[in-house]
Every structure is written in structure tokens, then in C-alpha cells.
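**Q** Each chain, letter by letter, is given below.
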Amino acid sequence: MIRLDNASYSYTNGSGISNINLTIGDDEFAFIIGPTGSGKTTLLRMVYMDLLPQVGKVVVDEFDSKIIKSRKIPFLRRKIGMVFQDYHLLDDRNLFDNIALSLHVLGWAKDEIVDRVTESLEEVGLDGKDDRYPEELSGGEQQRACIARALVKDPDIILADEPTGNLDPVTSFELIKLLEEVNREGTTIIMASHDYNLIKGRGHRIIEIQDGSVRQS
Amino acid sequence: MDKMMFLLSEGVKNLWRHKLTAFTAIFSIFLTLSVAGSLMIVGQNTNKIIEYLRGKYKIEVFFNENVSDKQIASVVEEFNKINGVRSTTLISKTDAGKIFKSQFGENILDIVGYNPLPASCVVNVVQYQIEKMNIMPIVERIKSYPEVDEVQYQGRLIYRIETYYQKFVKIMTVLLILILIISVFIISNTVRLTIIAKKELIQALQLIGATRSFVKAPFVIEGVFHGLIGAILASALLIVGLEIGSGITDSVIKLKIQYSPFILVGILSSLSVVISFLGSSRAISKFLK
Ligand SMILES: Nc1ncnc2c1ncn2[C@@H]1O[C@H](COP(=O)(O)OP(=O)(O)OP(=O)(O)O)[C@@H](O)[C@H]1O
Ligand SMILES: [Mg+2]
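Chain order of the listed sequences is Z and G.
Its first residue numbered 1, the first sequence is counted upward by one per residue in the numbering used here.
Its first residue numbered 1001, the second sequence is counted upward by one per residue in the numbering used here.
No lab work stands behind these hints: they were computed from the structure.
What you are looking at is a predicted structure, and each value in this text was computed from that prediction instead of being measured.
Backbone N, C-alpha and C fix where the C-beta goes; we use that ideal spot for every residue, glycine too.
Each statement offered as a hint is correct.
Beyond 12 Å from chain Z on every Cβ pair, some chain G residues (computed):
1. Ile1041
2. Thr1088
3. Glu1140
4. Tyr1165
5. Val1169
6. Ile1232
7. Leu1242
8. Lys1256
Straight-line distance between alpha carbons at most 25 Å, and here's what the computed DSS-like set of lysine-lysine pairs gives:
9. G:Lys1199 x Z:Lys79
10. G:Lys1256 x G:Lys1056
11. G:Lys1013 x Z:Lys129
12. Z:Lys110 x G:Lys1013
In isolation and in its complexed conformation, chain Z is listed as follows:
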């Protein structure tokens, strides 16, 4: 469960988000929508405790931003898969190694890693491309690779920030469907987007954010 209690964060220049109260249950697929600059990314960064609220608090499962020690934050992040626009694949290693990295961090054994990475590449339809370098993949393939990277460790939560950023409508739609499937298997999904058309009418919760405040519907 993810809970924000009156959480506020303001950057040194004064912008940011304020007084956010929000609870997202384990089985939810929640969209955060709002115009550019409204605070979507800031909100997501608070969830994985890249930013700690200056007022109020964020609680993710047993992790509480008020009392968490900085050396415990990695353990929160191990439960979270992230699909961020500026979280590119690393171009010094191939697709397989990019995705395997998360599992190395978790301390998995080598052959388990091979099996699991192959499996998650299949899930996103990138099987057989595991020795390609990021520059040898199309934009859409890279995006799917990012999803595979988030999925590979079977996270409790997926945070996706504009994951459809530079994808055509068809591919974007497929990506949403993929995430929905992951959600059905029990992963909480929070996805930020400013493309309302992409998400309307799919029966998911929509959290609207404007000028750093939430307007729930």
C-alpha cells in the first residue's frame, strides 16, 4: 500500500507539490494525469523516496519516509520497478545485461538470471534480441525493454512516468495492455501521463494533479 499523508515537497525555486493526501491499494492501477509542470514526476519521485517530503509523509508498505534511514532506501527500491522517460538503457551493454543488472543487484545466481531475463524478454516480445545494444533497437523496442527491466524482478509496484512518451498510438496502446496484464497478476501500477485519450474509459482510477495539488475523481 502506498499512502501520502499531507505530503509536500518544494524545490529550492519554490515549485513542487503540496498537501497531497492519497492512498493507493495493492491491486490498483492508477493514472496520474495533469499538464506539464503540474508535479507528476515529483509525486512519483516521492514514492520511491528520491525526494523525501518536507512536510507530511509518504508510506510505502513498511517504509515510512519520516523514519527511514538512507541506507534502507535501496531496499524499498528493490520492490519497485521503474519505467521513466529519462531512465534510458545503458548503452555500454547489450539488452540482456541491461535487464540482468536489476537481478545482479538483488544477488541472484547466474543461471537463474539467464532464465528470468529470457522470460521477461519474451513477455514484452523482445525474445531473440538479447545481444543487441540499445542503439540497435527502435524507440518502441527500447521502451519495451525498459518495461522488461522493470518487470524482471517481479516488483510489488511499478512506477511509470510517461512510458508512452515517443511511441505511436498503437504501440502505446499495447504497452497499456501489457501493464494491465501485469496489474492483474497483482502488481500495483502508478502511471503518470498527460495523454488523457490514452487512458480514458479503461476503468482505472484517475488522479488529477494540477499546480502541485491533487483533484481526485
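Based on the hints, put chain G with the ligands in the right spot on chain Z.
**A** Then chain G with the ligands, alone, in the frame of chain Z:
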């Protein structure tokens, strides 16, 4: 286990990926260790010289005329217990007479009718000690015995030798520490370059939930590899240099340069590991904070 292998291979791969920084780091470690190694060899050989000189330091003690041989023997026994005394050699009145005869070819009794030579004792001081050797306390202790008539020693000369030696030890220590500190900074700056080049990887690792030590490990391993390669090169240079140098001094002044290649390699590689560990840890810690 697999995690260790992963970190190790990341460290080694980094070595390849950053050839230029690797070269700079290895070269600077090579230079500092060559200088540090030379200083150590000079220091070691100077120590040999000071030990030789100290072997020559002598305190000659002359006893009063009326003291019995037995008393003298027990006093000399006491001398042996004084801090800083290595050994003593007792020369009785009869021994002194024999020495006179062997040197002058005549019996002293025949010349003056009795033996005027006093019993004496030569006190040798310890040779192995880094600190300044001060013989004054020893002399004072010896003088405090009523059986002792006179003490002779080359106080001024010893003082001078020891003072120079002490200055030398101080300068060498300061130089060595300075060189090591400078090299930690050089390493930390070169490693910083590789870290900046790896910013994306570090950020990715932090997003995935890597602990600080996991993020640090490949950089530190890479740094330690730089260090070891630098140390091997520096050792090779020094050993070749020393072999040639020793050959020359041997043929010119019949004196070989004292050093042990194993100890040299051992010291240089452990130094390099410490330097590069400190340097790379410093760089990556600064970046992560
Ligand atoms: N690192 C930062 N330093 C200072 N201000 C920032 C920083 N990041 C974001 N901001 C500001 O905080 C506000 C919210 O930014 P945020 O990135 O959360 O918006 P967003 O909703 O994600 O926008 P977009 O749809 O364009 O991604 C904006 O006014 C932005 O200019
Ligand atoms: Mg954003």
C-alpha cells in the same frame, strides 16, 4: 558468490572501457611508487650505515685502582643491564698489561716496576633503533658507580652522527607521507573522471536499489587493479635499476646496495592497494553523497 563475480567482472571491464584514465592512474601510481620505493631503499641502506657506525660507538670505562677484580666483575654485570647497552668487554689489569706488551713489545713491570694500568671495560651500544641514540644517560649511569674512575667516549662525534641521522629519518618520513597523500589525490581525481563517465550506470543502480557498497565496489576494484599494475611496473623498474646500480657500486667501491626484491614487491603492492583503495573510495563516496 555470483554477485562477487559480477562486481569483479564489472571492475575489470571498467579497466578496458576507460583505457585513458586507466593509463593515467597506473602511470601516476607507477611514478609515486617508484619515488617511494627509491626513498625506502635509500632509507634502508642508510640504516645499514648507521648500524655499522653504531657498532663502532664505544664507551671506555676505567676503574679505580683499589677496586677488586670481583667488584669490577659485578659492576660490569650491572652495566649489561643498562638500557641501550648491547655488550661489554672487561679488561682486567693483567689484560691491560698483556695488551701493552703486545703493542709496545715490552713488559710494563720491567719499565716502571709495577702495573700502573687500570682495569677497564668497553661498553658497546645497541645498533638497531630508529630513534636517536642518546648515550648520555648510559654514561651518567656508569659514572654514578663509585668504582668508576673515568669514562671516555666520543660524545660530540656520536651526537653529530645521530643528529644528522635523525634529520634524515624525519625528512624521509615527511617526503614519503607527502608522496602517498598526493597520490591518493591523483588517484581520486582520475577515478572521478571514470565515475562521471559512468554517471548513468550509477543512477541506474541507485534506482534499482543497489546499496552504496554495491555501487562503489566496481570502482574500488578498478582502482585497486590500477594500483597493482602500477606497483608491478614500479617494482620492475626499481629492481632493474637496483641490479644495475648495485653492479656499479660493487665494482667501484666493493659495496652492494642492500635490498630484498620480495620485500620491495610486497611493500609496493600493499602500498598501492592502500593508496588506490583510499583514492577510489574517496572519489566514489564524494560522488554518492
Ligand atoms: N529538479 C528540479 N528543481 C527545481 N524545480 C523542479 C525540478 N524538477 C521539477 N521542478 C519543477 O517542479 C514542478 C513540477 O515538476 P514535475 O517534473 O513534477 O512536473 P510533471 O508534471 O512531471 O511535468 P511533465 O509532464 O512535463 O513531466 C515544475 O514547475 C518544475 O519546473
Ligand atoms: Mg514529468
